[in-house]
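> Sequence:
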Amino acid sequence: MPAPRESYDSTRHPDLLAWLAERQTGFEHWAHEAGGVTPFDFSNASLDALEDLVREAYTKTDEITQQRRTPFIQGAVWYIGEVLCRRKGWVWKFEPDFNTGEVPPFYGEAEAPGLLDTPCVGAPEAGPGEHWYPLNTLRRLLAEDDELGNPIDERLVGMVEGWYDDEDDDEDDEDGEDQDQEGDEG
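Note that the numbering used here has the sequence shown beginning at 325, numbered continuously upward.
By construction, these hints were calculated from the structure, which means they are not laboratory data.
Wrong hints could be hidden among the right ones.
What the hints assert, rightly or not - If you anchor each label on the Cβ, the simulated ranges turn out as follows:
1) E346 with R411: 16 to 24 Å
2) T424 with P338: 41 to 49 Å
3) H356 with Y332: 32 to 40 Å
To be verified - Below are the DMTMM-like pairs computed for lysine to aspartate or glutamate, each with C-alpha atoms no more than 25 Å apart in a straight line:
4) K412 with E375
5) K384 with D469
6) K412 with D376
7) K384 with E449
8) K384 with D477
9) K384 with E433
10) K384 with E478
11) K412 with E380
12) K412 with D333
13) K384 with D372
14) K412 with D386
15) K412 with E346
16) K412 with D477
17) K412 with E352
18) K412 with D372
19) K412 with E454
20) K384 with D470
21) K384 with E485
22) K412 with D441
23) K384 with D441
24) K412 with E478
25) K384 with D339
26) K384 with E468
27) K412 with E485
28) K384 with E357
Every residue, glycine too, gets a C-beta built ideally from N, C-alpha and C.
When you get a sec, could you build the whole thing from the sequences and use the hints?
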């Protein structure tokens, strides 16, 4: 369904709101089922524990994609996103397709290559394409090489602590460099 970007509020999509309520309500059950005695307290240690669980259960990125609607993956997606929301002041969103502006089915029945039909997180004022997709983070944990074929060995804590880190910009500001790039989209 086409939805003009100007009138669409990506933080208020009804399926997103229902999904968030379901995840929050079921969090303790998910945490117990997923990790048993592991405390999922939004700490780096809990991210390490989640990463271990993912690596024990899955070996290929396609497995995560195929099982993206299972309770474990759904809970892991929420948990990673919630860590980012709590640490960085981000919000949950369900974004329309960047190219077409259409809003896809939320966690559609079938995998559609190139279609982002899962929730994301980002700064409240983030523009199109400036979002973090926790499902992709889970997949990246199992990726052996990047888009250029270079080997990678990502850690969940490193991704959460390092990606979209504003501290580098703040350090440049302190060094006297002009960081006035508002309005530049690249």
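> Now tell me if each hint is right for this structure.
To see whether the hints hold, each was checked on the structure:
About 23 Å separates the C-beta atoms of E346 and R411, a value consistent with the hinted range of 16 to 24 Å. For the pair T424 and P338, the beta carbons lie near 20 Å from each other, so the given range of 41 to 49 Å is not met. Remark: the range hint 32 to 40 Å for H356 to Y332 is upheld by a beta-carbon distance near 36 Å. Among the hinted pairs, K412 with E375 is consistent with the structure: their alpha-carbon atoms are about 20 Å apart, no more than 25 Å.
Pair hint K384 plus D469 holds up; C-alpha atoms about 12 Å apart against a cutoff of 25 Å. Taking the CA atoms of K412 and D376, the gap is near 24 Å; set against the 25 Å cutoff, the hint holds. Of the supplied pair hints, the one linking K384 and E449 is violated, its CA atoms being roughly 34 Å apart against a limit of 25 Å. For the hint pairing K384 with D477, the CA-to-CA distance comes to about 14 Å; that is within 25 Å, so the pair holds.
At most 25 Å may separate the alpha-carbon atoms for a hinted pair to count; K384 and E433 meet this at roughly 21 Å. Of the pairs offered as hints, the one joining K384 and E478 holds, with about 14 Å between alpha carbons and a cut-off of 25 Å not exceeded. Only pairs whose Cα atoms come within 25 Å are accepted, and K412 paired with E380 is rejected, the gap being roughly 29 Å. For the proposed pair K412 and D333, the alpha carbon gap of about 20 Å is at most 25 Å, so the pair holds.
With a C-alpha separation of about 19 Å, the suggested pair K384 and D372 falls inside the 25 Å cut-off, and the hint holds. A threshold of 25 Å between alpha carbons decides the hint, and for K412 with D386 the separation of about 29 Å lies outside it, so the pair is violated. Taking the CA atoms of K412 and E346, the gap is near 23 Å; set against the 25 Å cutoff, the hint holds. Distance check on the hinted pair: K412 and D477 sit about 24 Å apart at the alpha-carbon level, within 25 Å; holds.
For the hint linking K412 to E352, the alpha-carbon distance of about 23 Å falls within 25 Å, and the restraint holds. Taking the CA atoms of K412 and D372, the gap is near 19 Å; set against the 25 Å cutoff, the hint holds. Between the alpha carbons of K412 and E454 the distance comes to roughly 14 Å, so the proposed pair stays at or under 25 Å and holds. Among the hinted pairs, K384 with D470 is consistent with the structure: their alpha-carbon atoms are about 14 Å apart, no more than 25 Å.
A distance of roughly 24 Å separates the Cα atoms of K384 and E485; the hinted pair therefore holds under the 25 Å criterion. Between K412 and D441 the alpha-carbon distance is near 23 Å, which keeps this suggested pair within the 25 Å criterion. As the CA atoms of K384 and D441 are separated by approximately 20 Å, the hinted pair is consistent with the 25 Å bound. A distance of roughly 20 Å separates the Cα atoms of K412 and E478; the hinted pair therefore holds under the 25 Å criterion.
Of the pairs offered as hints, the one joining K384 and D339 is violated, with about 28 Å between alpha carbons and a cut-off of 25 Å exceeded. Using a Cα cut-off of 25 Å, the hinted pair K384 and E468 holds, with the two alpha carbons roughly 9 Å apart. Distance check on the hinted pair: K412 and E485 sit about 10 Å apart at the alpha-carbon level, within 25 Å; holds. With a CA separation close to 22 Å, the supplied pair K384 and E357 stays within the 25 Å bound.
Of the numbered hints listed earlier, those contradicted by the structure are 2, 7, 11, 14 and 25.
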